[in-house]
Amino acid sequence: MTEIKFIRGYPEYLRELIDIVNKTRMKRKDYEPPAMSKEEREEVLKLHPDYAPGGKRKISIGQNKGDIGPNEVVDLIEAYPLIEEEEIDLSKTDYNVDILIIGGGLAGTSAAIWANNQGIPPEKILLTNKLRHGDANSMMAEGGTQAADRPNDSPLMHFLDAMGGGHFTNKPDVLKALVEDAPLIMHWLLELGAMIDIEENGEFTEKWGGGTCRKRLHSCRDYTGLEELRVIRDEFRNRKIQCLEYYPAIELLKDGKGRVAGAVLWNFETGDYIIVKAKATILATGGFGRLHIRGFPTTNHYGATCDGVILAYRAGAKLRDVDTVQYHPTGAAYPQQIIGLLLTEKLRSMGAQPVNKDGEAFVFPLEPRDVEASSFIRECYIREKGVITPTGMRGVWLDTPLIELKNGEGTIENAFPGMHRMFTRFDIDMRKDPVLVFPTLHYQNGGVETDSEGRTNVEGLYVAGEISGGVHGKNRLMGNSTLDCMVFGRRSGIYAAEYVKRAKRNGKLLLEHMKKYVNMLKEAGIKPERRAPILLPEYRGKAVLARMIDIF
Amino acid sequence: MKEKKSIMDRIAESNKSVTTGIDEKDIEFWVTIYIMGKAYKVPAGLTIMQAMEYAGYRFVRSAGCRAGFCGACATVYRKAGDYKLLTAMACQTRVEDGMFLVQIPFAPGNKAIYDINKEKYNVGVLLKHYPELARCVSCNTCTKACPQDLEVMDYIQEAIKGDFKAVAQESFDCIQCGLCAIRCPAELVQYHIAQLARRMYGRYGCQEPDHLKIRLKEIEKAKFKKAWDKLLKASIKEIEKLYAEREREPD
Ligand SMILES: Cc1cc2nc3c(=O)[nH]c(=O)nc-3n(C[C@H](O)[C@H](O)[C@H](O)COP(=O)(O)OP(=O)(O)OC[C@H]3O[C@@H](n4cnc5c(N)ncnc54)[C@H](O)[C@@H]3O)c2cc1C
Ligand code: SF4
Ligand code: SF4
Ligand code: FES
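Chains as they are written, first to last, in the numbering used here: chain U, 158 to 709; chain A, 10 to 260.
Hints are computed from structural coordinates only; laboratory data are not their basis.
Treat the hints with caution; some may be incorrect.
Rough simulated footprint, nothing fancy, chain U against chain A, three-plus residues with beta-carbon under 8 Å [to be verified]:
no.	stretch
1	25-38
2	56-70
3	82-96
4	110-123
5	128-141
6	185-196
We put the beta carbon where it would ideally sit given N, CA and C, even for glycine.
Excised from the complex, chain U in its bound form (with noise of 0.2 Å):
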C-alpha cells in the first residue's frame, strides 16, 4: 500500500478515539481536576527526565570535574576533538580581526551591531555561523520577550520572579544586569524599527508569562524572535560587517599567554579550514536540544547541538547548572512532521485540557511545567491511558476545542494564528479536534559561566545568550531568554570592544590548550571513540547508513 488513509488528517483508529474525546467534552467544559498537593507533585516529579534515574553522570575531566551533566553533554565533553594539532597551519592566518563573534542568533549578532557602536569598524568584526545568518532558535520564540516598564512594575519584581523561577540558584548581579537593562532593549529595538504589539492606547502589549507577579511579556503577534532578529540582522547588513556562512567554529585558538585568541573554522561545504585571530572572542552559539537528551524530541533549530560549551571547556572556561535541562510538557506528538514542535502554554491558559485515551481529564491544566510534563509521562507509562501515534510514539490528547467552547468561536484563529495555519498545512483542524502532546526539550538552562559583562574566566573569551549560565540559575522563566541574548550580546559587545581597545594583543596563535585537553582525556582512560562538536545531528535513514560505502 502506498498512502495511509486520512480523515481529516488523521487515520481512522485516531478518529474512533477522538469520538471518545468528543463525548465527554461537554461533561469537562466545567469541571478541571484540582492542582496536585506537594506531596503528590514530589511524587510525580520522580518521573521527569530530570530527575529519573539514569540520565546524568560526573564529568570526569577539566575545570568542572566532578560535576554532574546530562550524559548527552558529558559524552562531548569526553571527546576527542575534530582535528589534530599537525594538520593545521597556524602560521597564515586568513582573518585578522579585533571581535570574532562565532553564532548569529539575537546574541551574536546584537553584540556585532554594538561592538561596532564601540567604534570598532566593521572590517574589524567578523561573525561566522554554522548555517545560514539567522537560521537559530531565536527565529522562532513564539511567546515574547520580558521588561518591565509598566508603572505598576519595576525591575525588582522582574529581578524576584527571575530569581524564585531559578529556585534563588541565579547569579544576583548578572540578573540585575538582565532586568535593569531590559527597557533599554525594548528602546533599541523600536529605533530599529521593530513591531512590537501595541494598544489602541499607544501601551505596549503585556501579556502574563508563567511564573511572574506582573504582566510584562512583549510580542511581535506570534513571531517575536522572527521578527526581532530580521530587524536586528538586517540593520547589522546595513553596516557591512563582515558574515560568513556555513563555517563552523571546530575549535578555539589561544596565545601565549593562555588567552583566547581567535578560532579555526571549517567549510563546511568544501571541508578545507581557514585561521581566525581576534582580539576578543565572543562564543553565541545557542543551546543543545539537537542532543535529544533522554531520547525527546526537541523544539530546538537543526544546529542546537552544544558547540559552543565544548569550545569553551576546552579552553579553560567554567560551566554552570548544565545539569538542568528544560522541557516544555506540550509538543507536538502528531503527526509525524511536526513531533517535537512547541505548542505554547497559552494554549492551555485559554482552556485547552489535557485528556487521556478514555476522554478523561486527569492533571489540573496549568500545573508549573516540570509537574505537568511528568503528569503526561505517567498517563501514557504508568497508567497506561496514553495514546499511541502511528509512529509508535505515545501522547495524551490537547482539547484545543474547548477554547472555542468556553471563549466563543473564532478565537483559535485569531490567538494562535500561526499555530493554526502550521496545523491546517496537515489538514488537521485544532478547533474541531484535539490534538496529541508529549514533552518535549525545549532549553538549555545553564552553560559557560559568565559575569555581567558577558565575561568568562578566561581572557579574551566572551558569551552571550542561551549558551552561557548563571543568570536563569537551574531554570529560565519564560520572555527571558530572547531578553537575556539581546542584553547580554549588547553587553559582550560593549566590553569586548573596550577589552581590546586597551589590550595589547599580537601573540602566536597556538593549539596547546587542545592538546593538553587530549592528554587529560588519554590520562582518564576515555578512550577516542567520541569526537567534538558533532556539528549536526544524525537523521539519515538506518538502510542508507548501513550500506554508505566510503569511496569519493
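Let chain U serve as the given structure and place chain A with the ligands on it in line with the hints.
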C-alpha cells in the same frame, strides 16, 4: 527482558523515528518521490525534509529551524501529470507519491543599504531604494509561490504607493524564504522591500509608549538604586521571603 526497560528507555525507544534515523522495519506505508529526478522509495507521512534524510541526504544547506520559521528549506516541485510548478517549505510539507522535487538552497537577492536614522518617512523611500518596484506587472506569481499564503502582489502594490503600514501588516508573517523573488518576472526581491517597509513603519509610523520613556528616565536617574542596594545585600532566605510575598496583579 521487556519489563526491565525503564520508562525513560521506553520513551527514547518510541521517539526514535525523530531523534535518530528511521528504521525501515517500522514502516508500513511507502511512497515514491523523485529527488532531482532520481526515484526513492520513502515512508509515507514524512515531510519532504525527513524523506530526503531517510533517502540518505544529510543536509548542510536547506535546513534551519525545521519548524516553518526560518525560510531555509524552500522547495520547488511538480506532481506527476500536473503542469503546475508548486512551491513549499520542505520542513512543513508532507511527501506525496510521484513528487518531482528540488530544493533551492540560496536565493540571490539585492538588498539596499541604508541608515534607518537618516530616512525620511515619505512615500518615495521604497521606490528610491528599490526602483525596480515600478517594473511589477501584477502577474500574481509571487502570491501563488508564497508558502506563508501572503498576498505578496498586494503588498508590492502598496509598496509602490508608499503605504508603509499596509505593507508592514500584510507582509508581517514573511519568513524571507525567497520563493517569490525567484519566480518574479520583474526580478523584484519582495522580502527585502517588505523588510524596509516594516522597519520604516516600526520606527516612524509607531509612537514609543510613554510608560517606556518614563521607565528609561527613572533608570537613568538611578531611581531604583537604594532598593537595589538593599536587595542585593539580602540573604537568600530574605529573597525567598520577598518572593513568597509578591502580590500578583489581577488578570
Ligand atoms: C520554539 C522555541 C520557542 C521559544 N520561545 C521563546 C519565547 O517565547 N521567549 C523567549 O524569551 N525565549 C524563547 N525561546 C528561547 C530563545 O529563543 C532562545 O533561547 C534564544 O533565542 C537563543 O538565542 P542565541 O542567540 O543564544 O542562540 P541561537 O538563536 O540558537 O543562535 C545560535 C547560532 O549559532 C550557530 N552555531 C551553533 N554552533 C556553531 C558553531 N560551532 N559555529 C558557528 N555557529 C554556530 C547556530 O547555528 C545559530 O545560528 C524559544 C526557543 C524555541 C526553540
Ligand atoms: S513573501 Fe516571499 S519571501 Fe516572504 S514568505 Fe512569502 S514567498 Fe517567502
Ligand atoms: S511576481 Fe513580480 S511582477 Fe508578478 S505580481 Fe509579484 S512582484 Fe509583481
Ligand atoms: S527549515 Fe526553517 S522554515 Fe523549514
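Problem - Violations among the numbered hints, reported as their numbers in ascending order - result: Result: hints 3, 5 and 6 break, sorted rising.
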